[in-house]
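Here's the letter readout for the chains.
Protein chains: 6
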Amino acid sequence: MKTNNFYYLDKFMAMDSEYDLADIVVYGVGFDGTTSNRPGTRFASSAMRGEFYGLETYSPILKLDLEDYKICDLGDLELSIGNTERVLDEIYQGTKQIVQDNKFPMMIGGEHLVTLPAFKAVYEKYKDIYVLHFDAHTDLREEYNNNKNSHATVIKRIWDILGDDKIFQFGIRSGTKEEFDFALNKNHTYMEVGGITTFEEILDKLNNKNVYLTIDLDILDPSIFPGTGTPEPGGITYKELEKVFSIIKKSSINLVGCDIVELSPDYDNTNVSTITACKILRELSLVIGDNLENRK
Amino acid sequence: MKTNNFYYLDKFMAMDSEYDLADIVVYGVGFDGTTSNRPGTRFASSAMRGEFYGLETYSPILKLDLEDYKICDLGDLELSIGNTERVLDEIYQGTKQIVQDNKFPMMIGGEHLVTLPAFKAVYEKYKDIYVLHFDAHTDLREEYNNNKNSHATVIKRIWDILGDDKIFQFGIRSGTKEEFDFALNKNHTYMEVGGITTFEEILDKLNNKNVYLTIDLDILDPSIFPGTGTPEPGGITYKELEKVFSIIKKSSINLVGCDIVELSPDYDNTNVSTITACKILRELSLVIGDNLENRK
Amino acid sequence: MKTNNFYYLDKFMAMDSEYDLADIVVYGVGFDGTTSNRPGTRFASSAMRGEFYGLETYSPILKLDLEDYKICDLGDLELSIGNTERVLDEIYQGTKQIVQDNKFPMMIGGEHLVTLPAFKAVYEKYKDIYVLHFDAHTDLREEYNNNKNSHATVIKRIWDILGDDKIFQFGIRSGTKEEFDFALNKNHTYMEVGGITTFEEILDKLNNKNVYLTIDLDILDPSIFPGTGTPEPGGITYKELEKVFSIIKKSSINLVGCDIVELSPDYDNTNVSTITACKILRELSLVIGDNLENRK
Amino acid sequence: MKTNNFYYLDKFMAMDSEYDLADIVVYGVGFDGTTSNRPGTRFASSAMRGEFYGLETYSPILKLDLEDYKICDLGDLELSIGNTERVLDEIYQGTKQIVQDNKFPMMIGGEHLVTLPAFKAVYEKYKDIYVLHFDAHTDLREEYNNNKNSHATVIKRIWDILGDDKIFQFGIRSGTKEEFDFALNKNHTYMEVGGITTFEEILDKLNNKNVYLTIDLDILDPSIFPGTGTPEPGGITYKELEKVFSIIKKSSINLVGCDIVELSPDYDNTNVSTITACKILRELSLVIGDNLENRK
Amino acid sequence: MKTNNFYYLDKFMAMDSEYDLADIVVYGVGFDGTTSNRPGTRFASSAMRGEFYGLETYSPILKLDLEDYKICDLGDLELSIGNTERVLDEIYQGTKQIVQDNKFPMMIGGEHLVTLPAFKAVYEKYKDIYVLHFDAHTDLREEYNNNKNSHATVIKRIWDILGDDKIFQFGIRSGTKEEFDFALNKNHTYMEVGGITTFEEILDKLNNKNVYLTIDLDILDPSIFPGTGTPEPGGITYKELEKVFSIIKKSSINLVGCDIVELSPDYDNTNVSTITACKILRELSLVIGDNLENRK
Amino acid sequence: MKTNNFYYLDKFMAMDSEYDLADIVVYGVGFDGTTSNRPGTRFASSAMRGEFYGLETYSPILKLDLEDYKICDLGDLELSIGNTERVLDEIYQGTKQIVQDNKFPMMIGGEHLVTLPAFKAVYEKYKDIYVLHFDAHTDLREEYNNNKNSHATVIKRIWDILGDDKIFQFGIRSGTKEEFDFALNKNHTYMEVGGITTFEEILDKLNNKNVYLTIDLDILDPSIFPGTGTPEPGGITYKELEKVFSIIKKSSINLVGCDIVELSPDYDNTNVSTITACKILRELSLVIGDNLENRK
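Chains as they are written, first to last, in this note's numbering: chain A, -11 to 284; chain B, -11 to 284; chain C, -11 to 284; chain D, -11 to 284; chain E, -11 to 284; chain F, -11 to 284.
Keep in mind that the hints were calculated from the coordinates and are not lab data. Mixed in with the good hints there might be a few duds.
Any copy, or any two copies together, can satisfy a pair, since identical chains are not distinguished.
[Stated by the list, open to error] Heads up, simulated SDA-like pairs for lysine to any residue below, C-alpha to C-alpha not over 25 Å straight-line:
1) Lys231 <-> Asn133
2) Lys193 <-> Ser24
3) Lys165 <-> Asp56
4) Lys174 <-> Leu76
5) Lys51 <-> Ser68
6) Lys227 <-> Ile49
7) Lys58 <-> Phe(-6)
8) Lys58 <-> Lys136
9) Lys238 <-> Ile49
10) Lys154 <-> Gln88
11) Lys165 <-> Gln81
12) Lys165 <-> Lys237
13) Lys227 <-> Glu66
14) Lys51 <-> Asp169
15) Lys227 <-> Val181
16) Lys84 <-> Asn25
17) Lys108 <-> Tyr(-5)
18) Lys108 <-> Asn242
19) Lys174 <-> Phe(-6)
20) Lys84 <-> Phe(-6)
21) Lys(-1) <-> Tyr41
22) Lys51 <-> Ile117
23) Lys(-1) <-> Lys193
24) Lys(-1) <-> Ser68
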């Protein structure tokens, strides 16, 4: 029966590969249970699906096109909202499945704590792994609101797993004195305060290394990205982040996992924050697709 | 391969029947090309799909449940935005297909002009047909902005087809002196100014008659429904509209087509307009499902 | 030179009579200098001019049409914003000029204090005058923020001029214990708490009396009118206010001056508050036009 | 040192009694961890403190004044956001302390789950207790999102404690078929669908009984209260809720605890939802103060 | 009769020259009928008239003052909204009239398609003409939504008229692979991706050439200009655009026509987008006025 | 009685020193009575107190922590809103008291006119004083809206007191031709148009001089700071302003008074403007604390 002049906007445009055939799997994780300031990142992936259609599939900066890659938008993960530990396990299991199927997991948060279980699932496969962390905030607290697992402790928890010399932090411009001391004076992580000027240099050292990439979108200046839980003035511009993608494209690192977190769409009625997150998703998907092609 | 803990919000919740099996077909028509005031009804169906999940499938007023009916959300119709005549034909063809397949067409606009081609497709099958028109505005102009086909002329165009004694208008509270004269003094249509108090009485006279129902959501007071092109103070409350549904449920009319138009979601940042449109869609779908059952 | 396919939206639609020929003069007074809560009523008249075009000139409730009356929109009054006393004098002078030219002054505020100088100018001509006051707030304080002249004292200042038995207050639902005592127990004014049910009865007693009408739009419930300085839940609906206009139309009072105050348009992004104020302006202009006709 | 021409807006206006001297203790509980739809009720109490100053201390409907009662605004409770069970215990402990000090606990949520621990603390003191529940939603699920403790299960959990004939639900207009069956057919709770018309009658039966009052603000129609997690069209008006307060005032029940929940202030940029919640807090505090006086 | 202490905000401030005396004619064209994403550019000119008064008439960057030029704000063009072809002809006729009267046409859109008929009217007089195109999008499609005339095809349609080597595109950062290929590889237009760094150089080559300037405001980064149909992150800053004006001022090109398009004011509740469009209108009017003076 | 698990957000976080012990006193002055464009700066200090808790006390740029300084948030000053002259005196008296108590006054406006009385109080103690003025607007008019004292004349009034060579203006990009002539050609003030590039150089010349610092937040570009009365495109970025703070920190000037003015929080629903103002307050407080320490 012919009904083909009707259409749905059910998936990210041009991310409609069958799961079995896909190289990259995009999935939403709408958890914001430990968020201490403005909540709402739970709505990020659905808001992004609605705006993604305003973009083109082609990137004139990267000179790559989404149509040329096999990407599957798997939808959103069912979560036991209200029980943090159970939710973390659900994210872990969901990501593990993708990793075990030899697909690249590209997670859309949610708050930053969702990175912890996703990273763990990737880490189990790629033990020798480095983390590139883009953020306004250190996320290096030992505890927050009496919880060890929190959006404010997530990188510390990853450091518990990886130890020194594995985590590279960029754009950081907020935290306690202790957190900056941990990174800058005790050198437990590499941290560049406020900027991304050393990024290319760092990437040169990670040739052929496995890399997990986590992007807290509040690394962007609130002028372009007000739709987030804790906007922090003094961030980087979109053009600077675009340069990050170009540098990754030229590099020889092995990307093995990735997430984009902390879009809280309802705090920006212009939708520009959501549109910006969408463009970042597109550019990043292209860079990952290209990275995977080059390693085949 | 097990990926079943992931899900999409791609269709109206509980409207996921296969097209072939469905009794009712819901489809979006995102056209607002003749809108003279605030545009944006093009986004109505997609905004509604995002909010529908906040509702339950059960209506405690109607005591009916969506799970008990076979409804297919067919998605949105592809339209040649920019060319009004071609768009009207596309809506006509899309609706005709549904009607010919012996399914009930339930269209979500768009501006009110979309009713014209949908009605025509229904009319071709059910020549002896009555129109129930809920609206704040008469829509009885002969011409608007130099166009015969316009959101402000749509009921006049239907009258061109049906003639006198076939169109019943409720809630009307805005129009030119000429339009009110046409309806109230010349009796070309039945019109109740501002209210719906005679609705039950009218319905009694339409026993076993074929009825097309068109609901311009601006019949509601702007206090509950600001998200529309031309809000008109002095409208009915949601509870009054709910009574309309109960009256239809008890009646013996034969519903043969229906539309809900003029939600412009971006003009209401609280999303209450969209949520209200969703609840109306649920109640109406239940009433239609029940009406079809009773006629089987 | 023909440039007549261009147009401006510079005046309230259909209020374009020459000043010399006009019976009713509409003018804006954008003062909000004593506002203690949310400011912004300064923008009321310009916001209303922009939205008025969404209305029709015909009122199906009143069965009157703006086209049939001679109304001049004179624009906005120039004010020495920052100096309350000078502004009050400017309003007084501006209104006096209109009154002296034997035209009906219809002022759009601004905060409620603007009523004081406008009323004074009208009072100088019509000494035997009654005031109908629609509002959520008593406005009967003796002093506010150390000022005798304030939006919270304006009706008390008018009482200073008129004394007992001249002021009728409707819809009032907020004030200090002392203010309610002043009105309800000491009977210095007639006050109906929260409602307008006695309005028709009161009007019957004012046959052939000169009446000044002041409408603080926050008499409306904040569900339909959030765009005001101090929204007060529990107000009347638009339909109830519409009844007020119908009652005035049927009455035999002599309207001699009028104002509509306290729209703060930027607090309602849906623009419904502004649209509602526009419809009230239309209905009121029609009622005044009709009232003037009947007295000719 | 004289600095008394400076002031803070740190507490609810006129709720500045010393804790030791207070009869009523108001406190905020900013938890929204199990919220399934729009979050943000965490900000309710702080948003309300900012808007409360726009009100008067006197209620012309109740003819009572806040100045006449000893009310202590204790601030907000510190919570281990992210760990639901720990948060519930913190609310329980905080409320218990107030109850044990023989003060009336008046809690401002947060989501509706916060009622459970507060109720428990009150129940431990007043075993023979009845619950008056105002809400749009049944909240009678056995489990939600895999959790027994949830905003959608809270009344079921209270029923687990109290059993039949103790819970009275008003205004309910959304839930699953099973939930309505539980209340309406199996009579486990008394439930009035959509309205509050039987409230006076019910209250007559609770003479001298201990009563806990829980108000989910979404009982109000979204036209006046859009700022909530799950707006549900068809609710009661503010005036109807005001009548509830007058009925309680006239009754002989023994109020022993109370909460107001589910204001999510950031979803209503007009602030009318927050203002409405403030007015309800004022009226309720007055009714409680009066109720306590009468029992002294 | 003296009414000169009243004023209207009916025209762009300081653009009140008589049409017959004016050198520059500003006019609004509120058409957005082929807009595929967010509509609303129809409101651009009226929104701008309301905000223009917040600016000064003097530009400290350009050191020029609006008071020194003869500019006529002619108002908005009447359009047969709903019929694209008729609207295009109405714009053509309106512009032609201005051009024939030897005045400089400065059009405010509206969507970008309005440039086509305006350009045609200018082209008929100045056959040897170059186009400077500032935009985020290529607008070089052959067809869009089944229409040859669309906001997405407008530059292609102009290329149909002018052919190669006449169109210079700046700031472009979105389009299909085919569109970039058309410009960058096949050299049908000159295109600078994302920037305006070569602008001065290009202008040097256009000495004494006739130039039509079309500015799609989405060339600006969405951080400063969210109020547009399709915001595209990575745009230029306002300061960069200001440099464009300074470069034009110093150049020896012959400006013969100009437009500013794609402000959709309702998508930016802060009004910053509208204010920015106003400042661009001021700077551009000054540059044009200066350019015309220098050529006298 | 233990109630210490409750807390208030009543003061700026970490600004809770006793007044007697404090070195720096922060106070709010909610006056916007001469504002000619968008009002609302009256709400700045209370909005900022609500958002300040989203920040950390530590600045990684300045490497200073609020916990290390004695700062007292004294609350807001009571003002006779509606009477400009009386308000100015109240601000003068309030500031004088702080200055006389040998504390550093750090005022949060309000509109820019509030600087005049605060400056006067400081000037009386420190006659040999320089003013650093950050702003988009010259504020050098002789009169505005018929008033000598206005937000648009405030720097001219200070110049009346100080004369030439004492006032340094940065970031200025709007004003009349006369104002720029006053500063740039007649050298009555030092003015840098649009930028802050000479700031370090200027500061070198003010070694050991008394300096009053006034920051009109609209110096920032509206992309990051839309929440102000008169947004002016082309401003500096937050990072550039951050550099100003670092330069002051390194300098040897004697800071003796400071204010931050013109945040109008309700015009930015994302709250980014308020958050940015908070971060500026933090950085400035740290710089001042450090400056005072160094001079001890």
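Structure-based check of all given hints:
no., hint, in the structure
1, Lys231 <-> Asn133, "neither (36 Å within a copy, 33 Å between copies)"
2, Lys193 <-> Ser24, "neither (36 Å within a copy, 44 Å between copies)"
3, Lys165 <-> Asp56, "between (46 Å within a copy, 12 Å between copies)"
4, Lys174 <-> Leu76, "neither (30 Å within a copy, 38 Å between copies)"
5, Lys51 <-> Ser68, "neither (41 Å within a copy, 29 Å between copies)"
6, Lys227 <-> Ile49, "both (10 Å within a copy, 23 Å between copies)"
7, Lys58 <-> Phe(-6), "both (24 Å within a copy, 19 Å between copies)"
8, Lys58 <-> Lys136, "neither (38 Å within a copy, 32 Å between copies)"
9, Lys238 <-> Ile49, "within (13 Å within a copy, 31 Å between copies)"
10, Lys154 <-> Gln88, "within (23 Å within a copy, 53 Å between copies)"
11, Lys165 <-> Gln81, "neither (36 Å within a copy, 33 Å between copies)"
12, Lys165 <-> Lys237, "between (35 Å within a copy, 19 Å between copies)"
13, Lys227 <-> Glu66, "neither (35 Å within a copy, 34 Å between copies)"
14, Lys51 <-> Asp169, "between (41 Å within a copy, 11 Å between copies)"
15, Lys227 <-> Val181, "both (18 Å within a copy, 13 Å between copies)"
16, Lys84 <-> Asn25, "neither (30 Å within a copy, 27 Å between copies)"
17, Lys108 <-> Tyr(-5), "between (37 Å within a copy, 23 Å between copies)"
18, Lys108 <-> Asn242, "within (17 Å within a copy, 53 Å between copies)"
19, Lys174 <-> Phe(-6), "neither (59 Å within a copy, 36 Å between copies)"
20, Lys84 <-> Phe(-6), "between (35 Å within a copy, 13 Å between copies)"
21, Lys(-1) <-> Tyr41, "both (10 Å within a copy, 17 Å between copies)"
22, Lys51 <-> Ile117, "neither (28 Å within a copy, 32 Å between copies)"
23, Lys(-1) <-> Lys193, "neither (37 Å within a copy, 47 Å between copies)"
24, Lys(-1) <-> Ser68, "both (23 Å within a copy, 22 Å between copies)"
Going down the numbered hints, you'll see the structure goes against 1, 2, 4, 5, 8, 11, 13, 16, 19, 22, 23, while the others check out.
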